[in-house]
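Same order as they appear, the protein sequences are chains A and B. This note's numbering applies: residue 1 is where the first sequence begins, and numbers increase by one. This note's numbering applies: residue 113 is where the second sequence begins, and numbers increase by one.
Rather than coming from a laboratory, the hints here were simulated on the basis of the structure. The C-beta atom is built at its ideal place from N, Cα and C for all residues, glycine as well. Possibly wrong hints are sitting among the right ones.
[What the hints assert, rightly or not] Taking CB as the label site, the calculated pair distances span:
no.	chain 1	residue 1	chain 2	residue 2	range
1	B	P443	A	A33	51 to 57 Å
2	A	G22	B	T361	31 to 37 Å
3	B	P180	A	G22	36 to 42 Å
4	A	A81	B	R192	27 to 33 Å
5	B	E331	A	L82	38 to 44 Å
6	A	G102	B	T249	51 to 57 Å
7	B	A404	A	A81	46 to 52 Å
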Amino acid sequence: MTAPEGGWRQGERAADGEAERGAPPELQALRSAIADLDRRLVELLAERVRLARRVGGAKRAAGLPTLDPAREAAVVRRASALAREHGLEPEAVRGIFWHLIGLSRRAQTEGP
Amino acid sequence: MIIVTRPGISDAELDHIRERVEALGMRTHVSRGEQRTIVGCIGEEERLQEVALLRLPGVESVLPVTKPFKLVAREFAVDRTIVRAGDGAAALFGGRELAVIAGPCSVEGAEMLRASAWAVRRAGAGLLRGGAFKPRTSPYAFQGLGKAALELLAEIRAETGLPVVTEVMDTRQVELVAEYADVLQVGARNMQNFALLSEVGRVQRPVLLKRGLAATVKELLMAAEYIMVQGNRDVILCERGIRTYETATRNTLDVAAIPVLKAETHLPVIVDPSHAGGRAELVAPLAFAAVAAGADGLIVEVHPDPERALSDGDQSLAPEGFAELMRRLAPFAEAAGRTLRAPALEAA
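So here's chain A without its partners, still in its complex pose (with noise of 0.2 Å):
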């Protein structure tokens, strides 16, 4: 009797498709669109972070605090309400978002 192999186990290390041979073809091509998914994934992150960072300045150009709970929340609501459309568990992507803003906190303090 054999567990069945979770992905995490043995697959996701082999990321840059190296050790795939053993994988079947289907799952190769999950994989690939997935690591592109997972490249623009990142590449609007860092737009985000850079956007943050000219927030930082535009709050500071009008002496306004970096700090604003009452729009984190608002950010975290919206994605919420947005996941819940898309189907997806809003839980888990509130805890992405409470992430990327403790991100964009950061950007906006290093500001432009």
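Once you have looked at the hints, place chain B on chain A.
Positioned in the frame of chain A, the structure of chain B alone reads:
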């Protein structure tokens, strides 16, 4: 502070409540039940007075939680937490069936691990334990086989289907151990290793947190809070005996801690009767006491040849001893309203 909602609250109403609380710089932690939802609020609670919480649509009541631990507190969850371990949730902690983890103190080699695993599985254990990195009091004692042991655990899991539990001792090991183990154990001596607690909190693996040698129940719960704050809700608490002046036993099993913990927290609570007593003949009576007092499971040391064990041989049960323990445990389980996994009679 917790906000209890009225039954059938809508997603939009819940989102609104959360936004109003988070706009004050606090964080919310939601527990959904069939009828009600609990919104736990963490942060500067005084600020909540600025919001007329009871006026928000969907709010039924607001209750202060004056304990230092929040996420771990029973009030923060609608239902008791059930921790799922292993591929396809092969084992559950906190359900009606008692979760029994059994196996050798240390992984000493392939054959002894294989023999242990089949023996405990046959007797009805749901998970296999085996130490790869051992926290020995003496630097001259056997320190464990490290990564080789992890690989063996994974191999034996594939053969037997038993999810594996193993201790991680250092933040630098967490990623490695998480690759191989289904449940990460934080040992008693590391219960207040806050960096380690945070690190295992960041990983998507259930954590078995052992009570420290001289830790209070409150300190144990705060340690669990460290893990949960990082986002890992799958924490299993383990009472394994505490240090007292009594030298007749290795530690003193704090039986009262079981009902105390179950009242204070929604997390599952298991007991280690092997380390508590420190001797093989004490394992059964302490196991019975644990189950009778309401424990959600046990973790028991089993070795194919305890006389030759490289660590903790004195308290390890031989396979026949473990099988007998499981048989004799049945009436205690029933009296406590729990069930035991039936022994697997076939070899495969």
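Against the structure, the hints:
| no. | hint | verdict |
| --- | --- | --- |
| 1 | B/P443 x A/A33: 51 to 57 Å | 55 Å, holds |
| 2 | A/G22 x B/T361: 31 to 37 Å | 51 Å, violated |
| 3 | B/P180 x A/G22: 36 to 42 Å | 50 Å, violated |
| 4 | A/A81 x B/R192: 27 to 33 Å | 30 Å, holds |
| 5 | B/E331 x A/L82: 38 to 44 Å | 41 Å, holds |
| 6 | A/G102 x B/T249: 51 to 57 Å | 41 Å, violated |
| 7 | B/A404 x A/A81: 46 to 52 Å | 49 Å, holds |
In terms of the numbered hints stated before, the structure departs from hints 2, 3, 6, listed from lowest to highest.
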